[in-house]
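*Asks:* Using the hints provided, position chain G with the ligand relative to the given structure of chain D.
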Amino acid sequence: MNGNTGKIINVDLGKGSIETELLPEEYYTKYIGGSGLAAKLFWERGNISADPLSPEAMLIFMNGPFAGLKLSGASRNSVAGRSPLTGNWGDSSCGGYFAPELRYAGYDGIIIKGKAEKPSMLLIEDEKINILPAPEYWGKGTEEVNKAIKNKYGKNYRVLVIGPAGENLVKYSIILNEGHHAFGRAGFGAVMGSKNLKAIVVKAAGKNMNLADPEKYEELRAELNPKIKEALASDVMRENGTAANLEGGVVSGDVPIRNFTSNYWEEMGQELNGGILTEKYLTKRRVCAYCSIACKRVVEVKEGPFAIPEGPGPEYETITALGSLIGSMDLAAVCKASRVCNDIGIDTISAGGTIAWAMEAFEKGDITENETGGIKLLWGDMATVIDKILPDIAARKGKLGILLSEGSLAAALKTGKDSVNYTVQCKGLEVPMHDPRGGGHGLALAYAVSPRGACHVASPMLFMEMGACFYPEIGFEYELEPMTDENKAETAVIAVALGAIENSACFCQFADREIAIPEWVGLFNSVAGYNWDASDMMKAGTRVFYLKRLINYLFGRTAKDDALTPRMLEPARDGEPEGVFINFEGMKNKFYELMDMDTVKGIPSIKKLEEYGMGVEAKRVWRET
Amino acid sequence: MEYWKDENEPIKAFVKLFEAAMVDAELTGGLKKVNQLILFDYTEDGPNCSFWVDCRKGELKVGPGKPAEPPDMTMSLSADDAHRSWSNKLNPVMAITRKKIRVKGSATGLLKLAPKLKKVAAIYVTVLKDLGWEDKILA
Ligand code: SF4
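Protein sequence lines correspond, in order, to chains D and G.
Positions 1 to 625 (my numbering) are the ones given, in order, by the first sequence.
Positions 1 to 139 (my numbering) are the ones given, in order, by the second sequence.
The shape of chain D in the complex, shown without the other chains (with noise of 0.2 Å):
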């Protein structure tokens, strides 16, 4: 096989089975690699009615065709199965330097099922793949596993790890690799936990690999890495981070405040902005493998109550999630915060979304002294986020800290009140860090019909309405006002199999915004040889988002689960787009007629599913009808 190894790992820890197996071509052109290809494996071998957290659970890692290529941005990798944290369909996409390592021993992915009985870890050097004690790693932070693993094995071994968090099975707990690099959504930190795996490492002698079209590869290689390293959004984030633009974002009313209650807090936008970051605590510049964009940070900060010591800084979402949604504007307590949600293994999406909900509750009075063990929520209050609820989340220790572990939505019908209505989740996945009524309409749409639950990396929504996106070859070439819904429904449409390309071929959204529609035509085929053209390329990637709707279809999901909360569709209070409102049933109700999606199930059409050579897995969705 070209391009793809075309070979996966197969470990069943309760057994200790450790078995490899070629998958056949038709999967990799039908669904690319990374979550489509996750998805694929998952729908065919997964078991639908197994508790995520349970050892019939599959934890699926899977690579894209491009890992290890040394192409910018082009070599992550995507975890995938159920979400412990949702119950639906679940994916999330880790930058660094797995995927090559992975890449370079031979595989495309692993995936494994089963409980080991003790605390393990995983080791893959080439054909030689052991499951291995590890207990003592057990109950450490990320950041003191990673360099003991390296400390043992070498620092080119590449570590994925969790936290305490993920041994203590909380819901939203994140893998992290080399320390710095999150496969953050969706809770698989916790599926690591639940199998009693600490740790996957994995080391390659070789780098050898198998292109198509070696020449005309190497061609699109040399016209890409300049173009996407020149380009003006990657000089900004290169310079501050992806949290460049923060103050920009602020004007429009995208970043949201004090859990979503407010749109404007211009002195917040002036002191949490990358380039305050980079002024007051940058000490380097990070990338992932191969990626000369180089967005990711590394921070000190030197005095003060929140000092820390040199290592891994905050990107936009974390700063914006551990800083405004809570009510805060200090960056060295973001800083520190991030830290602290690195080493404990928690995703600080949901982290920031689910504390932000505490803190309006117990405003309101919904939750009390009583609910929180004696600890008082107030905004803004660093200190007590980060050494007491970060710390009782991640063991879930203490009241509060049992309540939060289990993310806003479960935390707020345990209180029950009206609290499930401000709290800003779609399908239970805590909303990232763009607010659709400022950032534009059409991702309020992109939130509610992404499979894993509100999700700004499903699909490139968000720069297509930013205006960041000309795809002319594919019919995206007109131009979209965010704050209405005119032709959103539309290009809802293009976005979903874009991002569904994006995710399966693991590309950094960062970087393939500069890769227009035949250059991404001819990676596929120089390196994979699918021998496409866009129209085979775009139905792949809207055969990917379909599969995923049929797997959430099966764990029960349907239409009515396409939907946001009251809290974020009620018109803004302020800012920029106060008193807009988002006509978002109408949206929704042109995309299932554009998708051909059934208005109760919440899937397509036999007849869409069997254009898209889907016939057999309508057969099982459609069978009752």
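Since the hints were made in silico from the structure, they are not lab data.
The reader is advised that the hints may include incorrect statements.
Claimed, not checked - Below 20 Å or equal to it, Euclidean Cα-Cα: the simulated EDC-like pairs (lysine to aspartate or glutamate) are:
#	chain 1	residue 1	chain 2	residue 2
1	G	K32	D	E267
2	G	K33	D	E271
3	G	K100	D	E477
Said to hold, decoys possible - Residues on chain D that point at chain G, a partial pick, calculated with CB under 10 Å:
#	residue
4	P135
5	L232
6	R238
7	Q270
8	C469
9	R513
Beta carbons are placed, not taken as given, at the ideal position from N, Cα and C, and that holds for glycine.
*Replies:* Showing chain G with the ligand alone in chain D's frame:
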């Protein structure tokens, strides 16, 4: 050019726009924080079609033509697109994506400048009216 009679007209309007912005203390304060020498370059519509804004050293100055020193940042576009942009009829991100606006120099400066330009644009209609150019106002 669709909106301008000659290359002097846009520069007259845009320089006046910044002069008007300087009356607003808040806006002046914001622009000074950008701390850059910026060249707005419309020379594709005429060799003298450009102006500069200097917000360095706690001062704020504006003038036609090219600055005496090399600019920290240059924004190049057509005078018509500049008019659309100040009139809020051109999405700057889209214009950059489609190479209608080309930016050279400090990315940091651009990000600091962008939110302020939005505020400057808010007074553009008044400036056009003051110049007696109601016919140029875009609906
Ligand atoms: S742009 Fe940033 S997140 Fe994306 S691959 Fe490059 S360094 Fe990693």
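*Asks:* Now, for every hint given, state plainly whether the structure supports it.
*Replies:* Against the structure, the hints come out as follows:
1. G/K32 with D/E267: Holds, because 16 Å separates the two Cα atoms, which is no more than 20 Å.
2. G/K33 with D/E271: Status holds; Cα separation ~13 Å.
3. G/K100 with D/E477: holds, 14 Å
4. P135: Violated, about 48 Å.
5. L232: At 6 Å from the nearest chain G Cβ, D/L232 passes the 10 Å test, so the hint holds.
6. R238: Cβ of D/R238 sits 8 Å from chain G, so the hint holds.
7. Q270: holds, 8 Å
8. C469: OK, holds: D/C469 within 10 Å of chain G, min 7 Å.
9. R513: holds, 8 Å
Going through the hint list in order, the structure does not satisfy hint 4, though it satisfies all others.
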